Amino acid sequence: MVTPDLSVSLGGLRVKNPVMSASGTFGYGVEFTPFYDISRLGAVVVKGLSLAPTPGNPPGRIVETAAGMLNAIGLQNIGVERFVGDVVPRLEDAGATFVANIYGKTLEEYEAVARRLSEVPSLGAIEVNASCPNVREGGMAFGATTGGIAQLTERVRRCTGKTLWVKLSPNVTDIASIAKAAEGSGADAVSLINTIVGMAVDHRTRRPELSNVTGGLSGPAIKPVALRMVWEAAKAVRIPVIGVGGIQNAADALEFLLVGASAVQVGTANFRNPRACVDILVGIEAFFREQRIARLEEYRGGLQREKIP
Amino acid sequence: MVTPDLSVSLGGLRVKNPVMSASGTFGYGVEFTPFYDISRLGAVVVKGLSLAPTPGNPPGRIVETAAGMLNAIGLQNIGVERFVGDVVPRLEDAGATFVANIYGKTLEEYEAVARRLSEVPSLGAIEVNASCPNVREGGMAFGATTGGIAQLTERVRRCTGKTLWVKLSPNVTDIASIAKAAEGSGADAVSLINTIVGMAVDHRTRRPELSNVTGGLSGPAIKPVALRMVWEAAKAVRIPVIGVGGIQNAADALEFLLVGASAVQVGTANFRNPRACVDILVGIEAFFREQRIARLEEYRGGLQREKIP
Amino acid sequence: MPFNRPRFVTGRILRNEGRGEIFYRIEATIPEPVRFVPGQFAMVSGWPGNDPLLPRPLAVFRAGGTRGKGKVEFVYKVVGRGTALLSGLHPGETLSITLPLGRGFDLDREGRTYWLVGGGVGFSSVFPAAVVLGRRRAAFEMFLGARTREHLPPREWTPGGKTPGTIHFCTEDGTAGFHGRVTDAVLERLRRLSPESASRMTILACGPREMLREIAAAAAERSVSAQVALENHMACGFGVCWGCVVSLWDGDRTAYRRVCREGPVFDAREVVW
Amino acid sequence: MPFNRPRFVTGRILRNEGRGEIFYRIEATIPEPVRFVPGQFAMVSGWPGNDPLLPRPLAVFRAGGTRGKGKVEFVYKVVGRGTALLSGLHPGETLSITLPLGRGFDLDREGRTYWLVGGGVGFSSVFPAAVVLGRRRAAFEMFLGARTREHLPPREWTPGGKTPGTIHFCTEDGTAGFHGRVTDAVLERLRRLSPESASRMTILACGPREMLREIAAAAAERSVSAQVALENHMACGFGVCWGCVVSLWDGDRTAYRRVCREGPVFDAREVVW
Ligand SMILES: Cc1cc2nc3c(=O)[nH]c(=O)nc-3n(C[C@H](O)[C@H](O)[C@H](O)COP(=O)(O)OP(=O)(O)OC[C@H]3O[C@@H](n4cnc5c(N)ncnc54)[C@H](O)[C@@H]3O)c2cc1C
Ligand SMILES: Cc1cc2nc3c(=O)[nH]c(=O)nc-3n(C[C@H](O)[C@H](O)[C@H](O)COP(=O)(O)OP(=O)(O)OC[C@H]3O[C@@H](n4cnc5c(N)ncnc54)[C@H](O)[C@@H]3O)c2cc1C
Ligand SMILES: Cc1cc2nc3c(=O)[nH]c(=O)nc-3n(C[C@H](O)[C@H](O)[C@H](O)COP(=O)(O)O)c2cc1C
Ligand SMILES: Cc1cc2nc3c(=O)[nH]c(=O)nc-3n(C[C@H](O)[C@H](O)[C@H](O)COP(=O)(O)O)c2cc1C
Ligand code: FES
Ligand code: FES
Chain H
1 MVTPDLSVSL
11 GGLRVKNPVM
21 SASGTFGYGV
31 EFTPFYDISR
41 LGAVVVKGLS
51 LAPTPGNPPG
61 RIVETAAGML
71 NAIGLQNIGV
81 ERFVGDVVPR
91 LEDAGATFVA
101 NIYGKTLEEY
111 EAVARRLSEV
121 PSLGAIEVNA
131 SCPNVREGGM
141 AFGATTGGIA
151 QLTERVRRCT
161 GKTLWVKLSP
171 NVTDIASIAK
181 AAEGSGADAV
191 SLINTIVGMA
201 VDHRTRRPEL
211 SNVTGGLSGP
221 AIKPVALRMV
231 WEAAKAVRIP
241 VIGVGGIQNA
251 ADALEFLLVG
261 ASAVQVGTAN
271 FRNPRACVDI
281 LVGIEAFFRE
291 QRIARLEEYR
301 GGLQREKIP
Chain B
1 MVTPDLSVSL
11 GGLRVKNPVM
21 SASGTFGYGV
31 EFTPFYDISR
41 LGAVVVKGLS
51 LAPTPGNPPG
61 RIVETAAGML
71 NAIGLQNIGV
81 ERFVGDVVPR
91 LEDAGATFVA
101 NIYGKTLEEY
111 EAVARRLSEV
121 PSLGAIEVNA
131 SCPNVREGGM
141 AFGATTGGIA
151 QLTERVRRCT
161 GKTLWVKLSP
171 NVTDIASIAK
181 AAEGSGADAV
191 SLINTIVGMA
201 VDHRTRRPEL
211 SNVTGGLSGP
221 AIKPVALRMV
231 WEAAKAVRIP
241 VIGVGGIQNA
251 ADALEFLLVG
261 ASAVQVGTAN
271 FRNPRACVDI
281 LVGIEAFFRE
291 QRIARLEEYR
301 GGLQREKIP
Chain S
1 MPFNRPRFVT
11 GRILRNEGRG
21 EIFYRIEATI
31 PEPVRFVPGQ
41 FAMVSGWPGN
51 DPLLPRPLAV
61 FRAGGTRGKG
71 KVEFVYKVVG
81 RGTALLSGLH
91 PGETLSITLP
101 LGRGFDLDRE
111 GRTYWLVGGG
121 VGFSSVFPAA
131 VVLGRRRAAF
141 EMFLGARTRE
151 HLPPREWTPG
161 GKTPGTIHFC
171 TEDGTAGFHG
181 RVTDAVLERL
191 RRLSPESASR
201 MTILACGPRE
211 MLREIAAAAA
221 ERSVSAQVAL
231 ENHMACGFGV
241 CWGCVVSLWD
251 GDRTAYRRVC
261 REGPVFDARE
271 VVW
Chain E
1 MPFNRPRFVT
11 GRILRNEGRG
21 EIFYRIEATI
31 PEPVRFVPGQ
41 FAMVSGWPGN
51 DPLLPRPLAV
61 FRAGGTRGKG
71 KVEFVYKVVG
81 RGTALLSGLH
91 PGETLSITLP
101 LGRGFDLDRE
111 GRTYWLVGGG
121 VGFSSVFPAA
131 VVLGRRRAAF
141 EMFLGARTRE
151 HLPPREWTPG
161 GKTPGTIHFC
171 TEDGTAGFHG
181 RVTDAVLERL
191 RRLSPESASR
201 MTILACGPRE
211 MLREIAAAAA
221 ERSVSAQVAL
231 ENHMACGFGV
241 CWGCVVSLWD
251 GDRTAYRRVC
261 REGPVFDARE
271 VVW
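Residue numbers (my numbering), protein chains in the order written: chain H, 1 to 309; chain B, 1 to 309; chain S, 1 to 273; chain E, 1 to 273.
It is worth saying that the hints were derived from the structure and are not from the lab.
Quick caveat, the model's predicted, so the values are computed rather than measured.
One or more of the hints may lead you astray.
[Said to hold, decoys possible] Below are the SDA-like pairs computed for lysine to any residue, each with C-alpha atoms no more than 20 angstroms apart in a straight line:
{"hint": "1", "chain 1": "H", "residue 1": "Lys180", "chain 2": "B", "residue 2": "Thr173"}
{"hint": "2", "chain 1": "S", "residue 1": "Lys69", "chain 2": "S", "residue 2": "Asn4"}
{"hint": "3", "chain 1": "B", "residue 1": "Lys235", "chain 2": "H", "residue 2": "Lys180"}
With the hints as extra help, turn the sequences into a complete structure.
Okay, here's the thing in C-alpha cells:
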C-alpha cells in the first residue's frame, strides 16, 4: 500500500501530517535536533513569546502529580525580538514548519507581538495563548468568557495576515461557546486544551509546592477531559480543531482525530520521551497502513455514537 | 499524648472525625460492614437517591483512565422509599452517622426527595448533588451557573430542616462564585468536587467506551484540580467546605484540610482498598499524634502562602 | 480463622510462573485461609503507583492453608496492562486482594450430572468446580476449548483426584482433541441427549460471551439447566459502584444486575443475550 | 558509534544491586557507548504506567563498552517513589535513558590541585571526576561525608587506579574517619591553606544545598575557585520546559538559569545562595 496521505489544512496552514509539538514543552524546537529531524513534524509550536524577555516565576515551578504534572513556569521566554533574530534562522535551517505561540498581559501586548511576528515570512501560523491571566479582569484568563475570547481574537486578527490559531483554556463551564466565540471573531483554527488549573501542597511543611501556589495540570491525567472538550468544540465549530492534552502515544493521538480534531499537539510526553512526536507520527502511519486508510480525512471525526454492547 | 480531637462541625452536623465516604462509591454503606465498623467514620454518605428507583445507564458504565476512571452509572439507585424502609434501619443498627446524597431531574423532584428524607430522624444531613443535568436548561448541570445553584439550594432549603450540604460541580469557570451562591441561598456547607466531565474512545472500534459517551472523571488524576477548587472555595465562603477528589491516603486528606477543608470524602479509593476510609482516619490520627496537634482546628486551613525557597 | 466473607488482605507472592507465554499461575500467602465457592473471584492489584488504578477481577483458582497461614492461587492470561504488570511481579512482593467475592456456581443439587465447559482462560473457574465435584464423587464431564493445543491449560493443572471425570479437549485448529470450537462439541453432545438425561443435567460454563450465548441457547432448547459465569469491567468488585451491571430478565422486563454481586454466575435463562 | 550529544536510548538492565539498603548501583547495556564529562547526568525511567510520570535525573557514574554495545552505570539512593521503583527492577528489564545531559565539571585546567567533595549520594558525580583526574595523574584529594559509616559509599566503589588521591572520610556520628560534617573537614583544611596553594586549587562539590552553600562561602573567602553541582526538580532534563531554574548572578542582577542545561555544574560564585 502507498504511504497514507496525512496532510491536513489547519486554517490556511497546510501541514504534511497532523503531529505537532505543544507550546512550552518543546523549547524553541531546535533543542530537539539531537533527537530527530524536526522537519518531519507537521509543525513545531514554540514556547509562548511575549514582547519583552520574561524572567518567569521563582523556582518551585514544577511538581509531579498522579499521571500528570503541574507547572507554573510563568512563561519565561527570550522575547519576540530575540526569537526572530536568533531562533527563526535556525528553524529555517532545520527545514521545520513552525508556529509561534504568543501571549501578553494586555491586549496591546498581544497585538505588538503578533505584528512583529507577521513580518517573518517563514512563520507558519500564530497561536494565541488565551489562558493568560488578564490583568484588567482581575487575573481571570482572557479565555474565560466568550466576551474576552472574542475581543482578544478580534484584536489580534486585525494585526496580522498570518494564519491565526486561538488556544483555549479548559477552565470554563462551556468550551463549545468559547470555541464558537473564537470562530466568530476570526480565528482560523482553535487548539485545546491548555492546562487545567491545579494545586499541590506539602502536608508536613504546610506550604505550596509551587512558588505561584497554583499551576497548570498536564499529562495523561487530563486526557479524558481534553478529549471531551475537543469533541464538544469540534461539534460546535466549522474551523479546524487541534487536539492537545495528555497525548502519549499514537493511540491517544488517534482518539483525538477520531472525535474530530484535525491535528494534535504533544506536550508533556516529550519530557519522558524526547522522541515522542516522531514515535506518534510513525505509529499513526502504521495504523493507517494496517487499516488501509488512505487519507486522514477518512478517519478524522469518524466516531460512531453507539457503543458496541 | 491523648487522642487528638478530630471532631468538627459541618454546618449543624457535628461529626467525630473528618473522614467520610463519597457518594456513589460506598453503596448504601452497609456493604462495607464485612471490612470494618462503619460507625468509626465521621459519616457515611450514601449513593445518590432519586424519588423513584432509577435503572441507570446501559452497560459500558466505567472505564479506566490514567490514574483515574470515568463513570457513567446514570445514578442507578433503589429510590428514596426503599432507602428509608430497607437501608436506614440497617445503618441505624450499624451505629453509623449517615448522610443522604440526593438528585432529581427537576427542582420538584429534588424537593420531594428532600421532604421524604426530612422525616428520617436518624439522618445526619442531606447532600444535594448539583452536578445533575438540568433537563429544562438543555442538560446543563444545576450547578453550572450561580443562578442555577442559588435556585436549587433555595428550593431544597425551604423543604427541609435537616443540615443541608450542596455538592458542587467542578465543570465551571469560577468555583468561588458558585460556592458563594450556595452559601447565600442557605447551604450549611458545600462539598466539592464532583467528577470532571471526560470521555474515552476506542481508536480501533471507533466507538465510545461508555454507553453515555461522556462520563465523570474521578481518582488521583483529579486531585490537583480538586485541591485548588477547595482552596478557592474555602477562601470565598464562611460555611464549612468538604473536600473531595482523588483522596487515596492520609497525606492526601491532610492536604485538603490544610487548604481549608473542614472534612473530606473518600471516593474512588474505596474500590482499590475497601478499607481506605479507616486507613485514612488512622493515618490522620497518627500524624496529629506525631506532630502533637491536639485539635483538628490547629491544622485546618493552616497553609502558609510562601513556598520555602 | 478461615473466612468466607469478603476481606481485604495483603498477600505475599510465593510463585508467579508463566506457561508458554499464555497462562500465568500466581500463588500467594494470605493471613488466614479463605473458603470459597467455585466461580467466586477476587479483586487483585499489587503494582505500585496509581496507573493502572483499578484492581483486576480473577477467579479464585485454589485456596488452602492453615490457621494463620492461608494460601490462594489464581491463573490468568496476559491481555492488557494490569495482567502484564501482574506477570512482572516476583516472589516476595505483595498483592492486594479482596476476596471471596460474588456468587459462585450452585453445586449443591443432589443426583445431577454436570458438564463443565471452559473456553480459553474460562477453565480458571471451571477447574475449582471439578475439584469440588470430584471430591464429592458427583458425575461430571469437562469440555475445554482453546484456539490451539498451546492455548489449552497445561495438563498438570487439570484437577485429578479419585473421580476426575472425562475431559474433552477441543481446539479450533485441530492440534489436540476435538477439531472445532468447544461450543460445537457441547452442542453435538447436547443434541444426542435423551430428554431424561437432559432433565438431570446441569451445564456450568465460563468463557467468551459468544460461547456462553450459544450454549445457553442450546441448553434452553433441550431444557437443560445452565449456569454461566459472566465477565464485565469492574471498579469495586463488591457491589458498591454499580459499574459492572448486565441486563437480566426480571419477569417480562429487564433490569440491570451487578455481575460482581448478583453474579458472576447467573442462571443462563436469566441473561438477556 | 560512541556519542556525546543527548540521545534517547533503551537500556537493558544487567544488574541492580542494593548496598545496605542505602545505595543501589544499576548497570545497563545501551545501543552504543556514551562519552560523558563527570557531573553530566541522565534522565532515567523504566517503570510501567504513567504514575510516576516523569523520569529521574541521575548522575552518570560510569560508562563504557564497545561499538554496538555500550554500558552505563548509575548509583542512587532510594528517597521516594521513582527511586523505589528503580530499585525494584530486575536484570533483563528495560530502562529509558536520555543522556548525556547538562554541563559537567571543568577538569581541563592544567596544573591545578583538586579537592573533590561529596556529601551523601553526591559521591555519584564526584567519583567519575576522580577517575578522570586519576587517569590524568592530576593532584587531587577526596572528601566524602555521610551521617554514619553505613551511609558512606562502599569501599569497593571508590575509584582506584594509579593515583587514587587521598580520601578523607567524614561521618557525623564519628563511626568512621573525621568526626563531623564533611563541610567542617573541608573548612578546617581551607583555613590552613597558604594563599599560594589556594590560587592553584579548585574545589568540585556535590551534595546537599546547605553543604554547597557553606563550601562556596568558605572558598570565596579564601579565593579558591569552586564548582558546585546543583540539583533541582526536573521535567525534561534537556532544557525545554524551564522547570528547573535557579537564581544566578548575571552581573549585578539575577537571572533564572536551567540546572539541566546551563548546569548542573555552576561556578560557585555565580549561584545566588
Ligand atoms: C468475575 C471475573 C473473573 C475473572 N477471572 C479471570 C481469571 O481467572 N483469569 C483471567 O485470566 N481472567 C479472568 N477474568 C478476566 C480478567 O479480569 C481480565 O482479563 C483483566 O481484568 C484484564 O486486565 P488488563 O489490565 O490486563 O487488561 P486491559 O484491557 O488493559 O484492562 C482495562 C480495563 O478493562 C478491564 N477488563 C478488560 N478485560 C476484562 C474482562 N474480560 N473482564 C473484566 N474486566 C476486564 C480491566 O479490569 C481494566 O479495568 C475475570 C473477569 C471477571 C469479571
Ligand atoms: C543533575 C542531578 C543529578 C543527580 N544525580 C543523582 C545520583 O546520581 N544519585 C542519586 O541518588 N540521586 C541523584 N539526584 C537526585 C535524584 O534525582 C532524586 O533523588 C530523585 O529524583 C528522587 O526521585 P524519587 O521519585 O525517588 O523521589 P520523590 O521525592 O518521590 O520525587 C518526586 C519528584 O521530585 C523530584 N525530586 C525529588 N528529589 C529530588 C532531587 N534531590 N533532585 C532532583 N529532583 C528531585 C523527582 O525527580 C520527582 O519529580 C540527582 C539530581 C540531579 C538534579
Ligand atoms: C512546562 C509547560 C509549559 C507550557 N507553556 C505553554 C505556553 O507557553 N503556551 C501555551 O499555550 N501552552 C503552554 N503549555 C501547555 C501545553 O502546550 C499543553 O496545552 C498542555 O500541557 C496539555 O498538553 P499535554 O498534556 O500534552 O502536556 C505548557 C505546558 C507545560 C507542561
Ligand atoms: C462510580 C461513581 C459514582 C458516583 N455517584 C455519585 C452520586 O451518586 N452522587 C454524587 O454526588 N457523586 C457521585 N460520585 C462522585 C463522588 O462522590 C466524588 O465526588 C468523585 O468521585 C470525586 O472523588 P474521588 O476522586 O475520591 O472518587 C460518584 C463517583 C463515582 C466514581
Ligand atoms: S464492580 Fe462495583 S458494583 Fe460491581
Ligand atoms: S528540566 Fe526542563 S528545562 Fe531543565
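Results of checking the hints against the structure:
no.: 1; hint: H/Lys180 - B/Thr173; result: 17 angstroms, holds
no.: 2; hint: S/Lys69 - S/Asn4; result: 15 angstroms, holds
no.: 3; hint: B/Lys235 - H/Lys180; result: 33 angstroms, violated
Checked against the numbered hints given earlier, this structure breaks only hint 3.
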